[in-house]
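Residue numbers (my numbering), protein chains in the order written: chain Z, 214 to 419; chain H, 214 to 419; chain B, 214 to 419.
Because the hints were derived from the structure by calculation, they are not lab data. Just so it is clear, the structure is predicted and the values come from calculations on it, not from any experiment. Check before you lean on any hint, since a few could be wrong.
Copies of one chain are not kept apart here, so a pair can be met inside one copy or by any two copies together.
Unchecked claim - The calculated lysine to aspartate or glutamate pairs, modelled on EDC-like cross-linking and capped at a C-alpha distance of 20 Å, are:
#, residue 1, residue 2
1, Lys389, Asp367
2, Lys308, Asp288
3, Lys278, Asp323
4, Lys308, Glu270
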Amino acid sequence: MRFRLRPQDDGFFELFAATGAILVEACRILTEAIGSDPVRRSELSDAMEEVEHRGDESSHALVRKVNSSYLTPFDREDVYQLGARLDDCLDLMQKALDRMVVYRVGALPDAVGELVQVLSRQAELTSEAMPRLRSPAALSDYWVEVNRLENQADQIHLRLLAEIFAGGYDAVEIIKHKEIVDTLEAAADAFELVAQTVETIAVKGS
Amino acid sequence: MRFRLRPQDDGFFELFAATGAILVEACRILTEAIGSDPVRRSELSDAMEEVEHRGDESSHALVRKVNSSYLTPFDREDVYQLGARLDDCLDLMQKALDRMVVYRVGALPDAVGELVQVLSRQAELTSEAMPRLRSPAALSDYWVEVNRLENQADQIHLRLLAEIFAGGYDAVEIIKHKEIVDTLEAAADAFELVAQTVETIAVKGS
Amino acid sequence: MRFRLRPQDDGFFELFAATGAILVEACRILTEAIGSDPVRRSELSDAMEEVEHRGDESSHALVRKVNSSYLTPFDREDVYQLGARLDDCLDLMQKALDRMVVYRVGALPDAVGELVQVLSRQAELTSEAMPRLRSPAALSDYWVEVNRLENQADQIHLRLLAEIFAGGYDAVEIIKHKEIVDTLEAAADAFELVAQTVETIAVKGS
Numbered sequence: 214m215r216f217r218l219r220p221q222d223d224g225f226f227e228l229f230a231a232t233g234a235i236l237v238e239a240c241r242i243l244t245e246a247i248g249s250d251p252v253r254r255s256e257l258s259d260a261m262e263e264v265e266h267r268g269d270e271s272s273h274a275l276v277r278k279v280n281s282s283y284l285t286p287f288d289r290e291d292v293y294q295l296g297a298r299l300d301d302c303l304d305l306m307q308k309a310l311d312r313m314v315v316y317r318v319g320a321l322p323d324a325v326g327e328l329v330q331v332l333s334r335q336a337e338l339t340s341e342a343m344p345r346l347r348s349p350a351a352l353s354d355y356w357v358e359v360n361r362l363e364n365q366a367d368q369i370h371l372r373l374l375a376e377i378f379a380g381g382y383d384a385v386e387i388i389k390h391k392e393i394v395d396t397l398e399a400a401a402d403a404f405e406l407v408a409q410t411v412e413t414i415a416v417k418g419s
Numbered sequence: 214m215r216f217r218l219r220p221q222d223d224g225f226f227e228l229f230a231a232t233g234a235i236l237v238e239a240c241r242i243l244t245e246a247i248g249s250d251p252v253r254r255s256e257l258s259d260a261m262e263e264v265e266h267r268g269d270e271s272s273h274a275l276v277r278k279v280n281s282s283y284l285t286p287f288d289r290e291d292v293y294q295l296g297a298r299l300d301d302c303l304d305l306m307q308k309a310l311d312r313m314v315v316y317r318v319g320a321l322p323d324a325v326g327e328l329v330q331v332l333s334r335q336a337e338l339t340s341e342a343m344p345r346l347r348s349p350a351a352l353s354d355y356w357v358e359v360n361r362l363e364n365q366a367d368q369i370h371l372r373l374l375a376e377i378f379a380g381g382y383d384a385v386e387i388i389k390h391k392e393i394v395d396t397l398e399a400a401a402d403a404f405e406l407v408a409q410t411v412e413t414i415a416v417k418g419s
Numbered sequence: 214m215r216f217r218l219r220p221q222d223d224g225f226f227e228l229f230a231a232t233g234a235i236l237v238e239a240c241r242i243l244t245e246a247i248g249s250d251p252v253r254r255s256e257l258s259d260a261m262e263e264v265e266h267r268g269d270e271s272s273h274a275l276v277r278k279v280n281s282s283y284l285t286p287f288d289r290e291d292v293y294q295l296g297a298r299l300d301d302c303l304d305l306m307q308k309a310l311d312r313m314v315v316y317r318v319g320a321l322p323d324a325v326g327e328l329v330q331v332l333s334r335q336a337e338l339t340s341e342a343m344p345r346l347r348s349p350a351a352l353s354d355y356w357v358e359v360n361r362l363e364n365q366a367d368q369i370h371l372r373l374l375a376e377i378f379a380g381g382y383d384a385v386e387i388i389k390h391k392e393i394v395d396t397l398e399a400a401a402d403a404f405e406l407v408a409q410t411v412e413t414i415a416v417k418g419s
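Chain Z with its partners taken away, still in its complex shape (with noise of 0.2 Å):
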């Protein structure tokens, strides 16, 4: 059954894109941390930790909106999913950086720095996609797209396995940037299972 949206329902796209756009300001923040020393890092992870808590009101927010909406633009059950669901991306980002800065990780291999381009172009899909999901059948594109950066991401990902495992680290520091390049591409999938979503919605508002 579909509902005809009224104007005050528009508070569920502002939320989203809200959050597309923390998205985006998350995946400034890991570009630089790529190219940074630890004391940089360190400073970045504190301004990540500050990206992540408006990424939890949003959240909040989000649940409060459905809570006193009659009506809500899909299903509920889909407004939860999506909302966790960029959550997750937002989390991976954040863990990545701060197993950066825990791990005292010096210069990444150059393939991280395609990875974290990989996910900036996802994010920025996603914050485009946000606030046009008033018409989900429209963000075809978006999702084929998000999904084909997911698929790069992984040959990426594979590439940089092989790179790790292939001499120069002693075990140690391969296990430290194992786990950053394994987060880096579960960020990576995050965006896919969102944009999953909104194929989701688009199927069955259609």
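Here the structure of chain Z is known, so what remains is to put chains H and B in place on it, guided by the hints.
Relative to chain Z, chains H and B alone:
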């Protein structure tokens, strides 16, 4: 749509309460295991397995109860999700103990005890909340506090990672200890997901 | 609310059956890879990728079918969840093989073969169950047995961890072998989650 509960629906709350009590028991076993030697840990692992079997039985009783009930106290999806997420808490605590045994680790860093204390507090709060699911909106103190505890667990976990990698352990010991503390942190996350499900149930019912 | 199925709804069962057959094929590739040398494993990895593409196409056909159908044989949410969880099984099997290739591991412990045999049995049972989803209540033997096999996989996995850490491998080899066996165990878990979804579908339909 909200149905008025009939007395016979109370069985759901009893089953959730039983699972809550099982989680408290699992935490007690885990707490003892932290300070024990490998022989005692192996015995405690058997005790944990027995507890986990009772958790499984409780889960299956829940599925059967959903099956045989025309009315459920809240959405069927949420009954399943709550059951599955309570299971996850138990599975992760069992996994942490199993790894201590199979890896034959010796004394653990003190902060592992702190982390298990946080889990114990989360388990107690969860256990107290379960019989009160009849009025989920009154449980906001519970979910706020479990979320706060998860943040605390996260901080302890980061300190533990820093300590484990600080130089006292060789690479193989790092792998073992890292998996144990990562699993305990995942258990704290799992308690937070239980609390999020309760919050969702409360939101829908209000 | 239950709808009577019309003949044209059969396409759902055919798509699930196709995915089941793909999982059996993936297990066959994985079984051969266990006993192969790195060159052959690399060829098998290409074969796995081709199988995984067909799995993806099958998933997308399922989403399109849900889209274009007014009636679905069971709750839309469960069609999506079942599809997603079948995908997870395939992804994890592909990941295990990819790691063997990228890490250039040599001969694997014998128990890895036992673990893949358990996966193969789970895949066969899943494949046999899929065309019978029309009468999910008759599938209890299937989900009970898949759960039992998961417990067996868990035991083999613990034995494998003990063996891997027992002293014959250096730290880097441990990291590589551990990820492979952890991924295979995760695949056994994923088959259990498929079976749980089928059980939920059966429970709702009864």
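Evaluated hints:
1. Lys389 / Asp367: both (19 Å within a copy, 18 Å between copies)
2. Lys308 / Asp288: Intra 30 Å, inter 33 Å, cutoff 20 Å: neither.
3. Lys278 / Asp323: Intra 43 Å, inter 42 Å, cutoff 20 Å: neither.
4. Lys308 / Glu270: Cα proximity of lysine 308 and glutamate 270: one copy only (19 Å, versus 33 Å across).
In terms of the numbered hints stated before, the structure departs from hints 2 and 3, listed from lowest to highest.
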